[in-house]
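Enquirer: Protein chains in written order, with this note's numbering: chain X, 2 to 421; chain E, 111 to 450; chain D, 184 to 466; chain P, 545 to 793.
Accuracy of the hints is not assured; some may be wrong.
[Said to hold, decoys possible] Pairs of lysine-lysine residues, derived as PhoX-like cross-links and limited to a Cα-Cα distance of at most 20 Å, are as follows:
| hint | chain 1 | residue 1 | chain 2 | residue 2 |
| --- | --- | --- | --- | --- |
| 1 | D | K214 | D | K277 |
| 2 | E | K368 | D | K278 |
| 3 | D | K340 | D | K277 |
| 4 | E | K368 | D | K277 |
| 5 | D | K297 | D | K340 |
| 6 | D | K332 | D | K300 |
Calculated from the structure, these hints are not laboratory results.
Being a predicted model, the structure only gives us computed values, none of them experimental.
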Amino acid sequence: MSTLTIEHVARIEGHGTITVDVEDGRVKDIHMDIIEPARYFESMVVGRRFDEAPLITSRICGICSPNHMLTSIKALEVALGVEVSERTQIMRKLLVYGSYLQNHATHLYLLAAPDYVGLPSVFPLAETHPDVVERALRVKKLGNDLTTLIGGRPVHPITAVLGGFTSEPEPGRLVAFRDALLAASQDAAATVDLFGSFDEYEFETAGEMLALVDDDDYAIYDGQTGALDAGWRRPVSEYRSFIEERVVGHSNAKHSTVGGRTFMVGALPRINLSRATLGATAADALNRVGLSIPSRNPFMNNLCQAVELVDAAARCAQYIETLLDMGGSTTPVEFKIAAGSGSAATEAPRGTLYHGYSVDDDGIVIAGDVITPTAQNLANLDADMRAFAPSVVDLPRDEFVIAVERLVRAYDPCLSCSVH
Amino acid sequence: MFFRIMDKDRLPDLVAGLSKGFEVIGPVAKGERFVFERIETPEMLRLDYDTTLLPPKKLFFPPEEQMMRFRVADNEVVDDEVYAAPRVIFGLHPCDINALMLMDNVFLGEYEDPYYRARRESTMLIGVSCKPTDECFCNAWGTDEVHWGFDVFLTDLGDRYFISVRSVKGAELLDEFVATRDADESDTAAFQQHTRNFKNSFTDDLDTSQLPLLLDAKFDDPLWDRLGERCLSCGACSMVCPTCYCFDVTDRLEADGKTGTRVRTWDSCQFTQFAEVAHGQNFRESRASRVKYRYYHKQWGYLSKFERVLCVGCGRCARACLAGISPREVVTALEMGGAS
Amino acid sequence: MSPLSREFTANPYRPWPARITSIMDLTENEKLFEMRIIDDSVREAFQFASGQFVELSLFGVGEAPISISSAPSKQGFIELCVRNAGDVTGALHKKQCGDIVGLRGPFGRGFPFKEMKGHDMLLVAGGLGIAPLKSLINHIHDDRHDFGKVTILYGAKNPSEILFRYQFDMWKHRDDFELILTVDEPDDTWGDEVGRVTRLFDMIDIDPTNTYGAICGPPVMYRFVIDEMRKKGMDADKIYVSFERRMKCGIGKCGHCGVGHQYACIDGPVFNYWEAMNLQEAI
Amino acid sequence: MPPRVVVVGLASDFGCQVQMTNIEDQLLDVLGRIELSYWQLASSGHMPEEYDVAIVEGAVTTGEHVALLERIRATASAVIAIGACAVTGGIPALATSGSLDDHYACVYGEGDVEVACGRIAPMPITSVIDVEYRVPGCPIDMDEFTQVLSRALQGLSDCIPREPMCAICKTLENICFYERGEVCLGLITRTGCNARCITLGRPCTGCRGLAEDANLESAILLLAERGVSREDLMTRARLYNTLEEAFTR
Ligand SMILES: Cc1cc2nc3c(=O)[nH]c(=O)nc-3n(C[C@H](O)[C@H](O)[C@H](O)COP(=O)(O)OP(=O)(O)OC[C@H]3O[C@@H](n4cnc5c(N)ncnc54)[C@H](O)[C@@H]3O)c2cc1C
Ligand code: SF4
Ligand code: SF4
Ligand code: SF4
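Next up, chain X with everything else stripped away, as it sits in the complex (with noise of 0.2 Å):
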C-alpha cells in the first residue's frame, strides 16, 4: 500500500492536507485533514459586549466578512427585537452581493482557472491571457468597490451596525456605480462563457443540497432553509434541530449532516433550489451554457458561481436603482437592551451561515453560535473523494492530483471558516 499526501492544498483558503492510500491501484481511503488550529470564536464572544460580536465574528473570515458581521447582526437584532427599515435591508443586501462579486472572482479567476490551463498560479496568466486577468481584476474590484461603497472598506465592514447603518454613500456615489454595475455585466457574462467551455468531469454527489429559498427573491438575506432532495423548507431558527454537527477527532473543524445524510451548501445547491427566482439574463446565462438544472456534479458549483455573478450584476444595480427612488433611512433604530436568544443565516458566497446568540440583562453574550458553509460541506467532500478518486486514479500522479484538488477547490472550500 502506498501513501499520498497532499500537503497545503493550494490556491484554498486555510490549510489543509489530503491523504490518499493506493492498493494495488487501488483507492482503499482519502480525506482530506484541516490543519488549521483551533480558534474558539463561539467561545470569545462570551463576556464580550453584544455589539461587539458582529466585529468579533465577522474576523471569522476575511473573505465573507460582509457576510458573518451581517448574519451576526442579524441573530442579535432577533435576541433583542430589533427591527429594522426596508432601506436598511436593501443596503445590507448589496453588501452581501459585494461579497459575492468579490469572492467569486477571486475563487474563479485566481484559484480555480489556474487548473484549466494547467498553470500553477493566475500570475503567468498575465503575459498569456491579460485580458482574462484583467477582466478578473475588473469583477473582483467590482465587489471590493461596492463593499466599500456601503460598508467603507473591502473587508471586515464598518458602517453596518445593529438596527442600521453608521453612515450612507452619497447618491451620487451610488449612480456612478449602478453604471459601473451595468458596464460590468459584460465581464460576467464572459466569466459564464469562459466556465462553460471548459470541460469538467462527470461526477454526481450522493449528498443532499441545501440553501435558504424564497419564493419572492433570490433568497441571500432572507429566507428559509430549503432542501432539494427531502424537499422540506424549515424556518432557519431551528437550523439546530435540523443540522447535526459532530466534532471529529483528528479535525477542529466539525462535520454536519442533515437527516443522517451529508450534505452540499453553495452556489450549486442555490442555483438548484432557487432557479425560478434567477434574473433574466442569468437565466439567459445559464440556458446558454446548456446547465441542466438540478445538477448533482459538484463541479458545476463554479459554473453556478459565474452564473451568480450575473445575477449579481444585474440585481445589485436594480437594488441602487429602488434606493435613489425609496426615501427612508437607515439610521440605526432605537432599542433596549434586554435578555434574550436570536439566530439567523445569510448566504455567505459559499452556502448558508447560521449565527446565533444570547445575551443576558446587560447585553453581555452568554452564547454563541456558528455553522460555517465549509464546515456543512467538509462531511460531504469527504464522501466525494472517495467517490470520485477511484475514477482517475490511474492518471499519472500529477494529474491524479490536479483532479482530486479540482474537486477540493470547486467546493471553493473556506478552512479557515470551517474552524472557527
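With chain X fixed as given, assemble chains E, D and P with the ligands onto it according to the hints.
Expert: What follows is chains E, D and P with the ligands alone, placed relative to chain X:
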C-alpha cells in the same frame, strides 16, 4: 476703504452671482457643527455659524498636499505646478482673517511658499461679523477686529449688511452681482453701535501683559508638568488651529517604485517625533516640554519675529482638547503666578 | 542669506540636480561626497558661507540637512561629509560616483567670516561636528594671512572616528595652525591626546580679548566647552555655536527646528553664544 | 535580481492577505518589482529555501507556528508583520483571557476530545521573533501596506506612526464622539488608518493598538469624568489588544 449697504435678502443674489465665476466656499452645517465647504446653493451658506471645525487654513495649506511628482531613476522633478482654482471664501470671521495674515508672514515672507501663494492669490475673501462664543477670546489679542486682509467685509446690521470694501476686485464683484447703495449717516451710526455692542459682549478680559517675559521667567514652573500630565499628545490643538503651520514632508512611491510624490502633511509639536534627531536624541522628550513649547512658540517665538502673537483667540483648540487645556487657562495661570 | 531661491527657482522646495563627482570613505560610517550642481547658472550663483547647510534630496527616500564641509573658496564643487544615520544618509551611502542627487540651499546663517577676520581663532569640534567646522578651517587656511593665531581642538570617541585624519596629520607639522587631537578610547596606534576635548584647554594659550571661538559637536559637549572658553576669559559674544535640530524644510516654515524662540534653519544653525544663552533648551 | 518575497499565513481569517489582493490597481505594478516566491493563498508550490522578504499574517497558536517563524527569521533579511493578529495578537488573542481548556471545551464539548494540531495560547508573531516592519490594523490599510512594502523593498526604516488618532480625525473634520456622548478609543489608538471608522460614523475600537505617544493615564481620568469607568475603558480597549500590558493593569 469705502462702504456700501446691501439688504439682507439680496444675499442669495450675491452668492449665486459669485458662483458663476468662482468656486464659492463658505460655512455649511455638519451635524451640530460647521465646516468650510463648497456652496452649491445659496441656502447652504450659514452665516449664523459660531465657528468651523477646521479653520480656512485648510484651503490654502491643505492637511495633505502634493508638493511635487518625481522620477526615482534620475532624481528628477516631473511636476511641481500648483493648480489653484479661482475661489471666493464667503463668511470668514475676523479671527480667521487675522490668522491668515499671520500665516502670510510665514508662507509669503522670506522664501515664499509657491503652493500657499498660488492659492492665496487666486482666492478672494469675504468676511462677516460674528458674536463671541464661550470659547473665544479674540478680544485679548485685538483680533476681534480686522481692517485689512479681506476684499469685502459684511457687518450684520439686522435687516442689512454694512459692507466694507477693501479691494478693487471686491468692489467690482459687488457692482457686478448685487444691488447695493452708499452707506448714509444712519447706517454709519448703526455700524458704530454694532461695533460697540460687539466689544461689550465679551465678558472675559484676559490679561496678556508681560506674556513673553512670563514665559521665560516661568519656563521651569510646575504649571507645565501639570499640563503635561493631562496632555493626550494627540495633536488635535495644532490641527484645528488657524495659525499652526508646522508640517512634515514624506516621499511616497507609486506601486511600480519608479515614480512618486513628495507630500507634506500637517504636523504637531505635540508628537514625540517632532524634535527627535538621529540616534534617538530628542530635544523635547517630555509631554510637559512639548505642551510648553506650543505656548512658548506662539506667544514668544513668533512674536519675536513678527511682533504679533501666533494666536487669534478663536478658541478652537480649547474646544478640541479633550483634556481641556486652553490658552485662556494657560495665560491666566502664567499671569496669576504659575502653578501656585 | 542666499539669493538663489529667488533668482533661480520659483519653488524653494525644488531640489537642483547635482552629480556626485567623488566619494571618499572616511570611516566605517562616514563618507565625504564631492558634488557638482549640474545647471551652470545655478552652480555659479551658489555662493555660501561656512556653517551654512544644504538640504540633500533623494527622491523616494526624503531629505536631510547637511552642512557644507568645503570652503566657500572652493568654486564649482561642494563637499558633504555624511554619517550614515538613517534613511536618506543610508541611501546616499549606497550611491556611486556619477549618480545624481538633489540639493537645495544654501540655507541658514553661517559663521561671520568677515567679522572674524583679523582675529585669533579657537575652533573646537566633537565627532561629526568637524563637518561644518572643516569648511571654516579650510576657509581660514585659504585666507591664512588675514588671521592671527589659529587653534583647533578636535575630539572623537576613538581613533577610527577621527575624520579627515589625512589632512590633520599633515597640518600637525605646520606651525601656522595649532592642532590638538584627542580620543576617549585610544588604541595602540594612537599617539595623540586621550580624554575629552575640554581637557585640552589646559594645554593651550590664547589671547581672550582677541579670539573668536567656534564650536560644533554633539549637544552634550557645548556647555562644557563654553565653560572652558569663558574660564579662559573669552567674551560670550565672540563665541559661535552650531546647532543640529530636526528639519523638514530648511527655510523657516515646517517648525521642527525650533530652539527657544528661534529656528535653527534660518536664525542659525550658527548662533552667537550670547544670543544662544537666551534660547531656552538650546544648551 | 528583484527581491524574493514570500507571504505566509498563520492563525487568522486571511483578511489581511485578502486585503493584499485588493490593491488590484497596483497589484501588477508591485508584482513587477518583486519575485513572488511563495503565496499559498494564490499559488501552488512549496515555500522556497531562500527569500529576502517575508510577509507574515496571523497569530501564533501552535508550536509549528513558532518553528516556522524561527525558520523565517533565520532566512529572511526583512520580516513584515501584517495585521492586528501578527502585531498585537488581535482577535485571536481574545482566547488568552480565561483558560484555553475552557475555551476548547466551550467549542468542542467536554470529554476527551482529541486536540488536533496542538495548541499554545495565541500571541502575536512579534512576541516570537523580532520584525523589521509592522503594519497594524484589522484589517491592514492597503495604502499603509503598500507604503511599508515599498519601504521594505528599498531597505528603509519602519515608519509606524506613534501618535494617537485624534489629529487625523480633526483634519477630516469629524465631530468628536465625546461631543456626542460616545466613547471612542481614537484618543489612545495608533493613528495610520485615516480614522476610517470614525469618519464613517463609528467610534474607533482600537484595532491598531495602543499608540506609544498616548497618555493612557490622562485618558482614564478624563473618561472617568465623563462617566466611563476605568474598567469599562480597559475592557473595550482589550478587544483587539488582550495582550497589551497597559490594558490589563
Ligand atoms: C543644520 C544641520 C546640519 C547637519 N550637518 C550634517 C553633516 O554635515 N553631516 C551629517 O552626517 N549629518 C548632518 N546633520 C544631521 C543629519 O541631517 C541627520 O543625520 C539626517 O537628517 C538623518 O536623516 P536620515 O534620513 O538619514 O535619517 P532618518 O531615517 O530620517 O532618521 C534617523 C534618525 O534621525 C532623526 N532625524 C530625522 N531628521 C533629522 C534631522 N533633520 N536632523 C537630525 N536628525 C534627524 C530621526 O528622528 C531618526 O531618529 C545635520 C543636521 C542639521 C540640522
Ligand atoms: S492657539 Fe487655540 S485659540 Fe489660538 S488661534 Fe490657535 S486654535 Fe485658536
Ligand atoms: S472621535 Fe475619537 S479619534 Fe476623533 S477626536 Fe474624538 S476621540 Fe479622537
Ligand atoms: S478607526 Fe480604530 S478601529 Fe477603525 S480601523 Fe482605525 S484603528 Fe481600527
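Enquirer: Against this structure, judge whether each hint is valid.
Expert: Each hint tested on the structure:
1. For the hint linking D:K214 to D:K277, the alpha-carbon distance of about 11 Å falls within 20 Å, and the restraint holds.
2. Simply put, E:K368 and D:K278 have alpha-carbon atoms about 17 Å apart, close enough for the 20 Å limit, and the pair holds.
3. This hinted pair does not check out: D:K340 and D:K277 have alpha carbons roughly 25 Å apart, beyond 20 Å.
4. Our distance criterion of 20 Å between C-alpha atoms is met by E:K368 and D:K277, whose separation comes to about 18 Å.
5. Taken as a hint, the D:K297 and D:K340 pair is broken in the structure, with Cα atoms around 33 Å apart against an allowance of 20 Å.
6. Taking the CA atoms of D:K332 and D:K300, the gap is near 11 Å; set against the 20 Å cutoff, the hint holds.
Consistency note: the structure conflicts with the earlier hints numbered 3 and 5.
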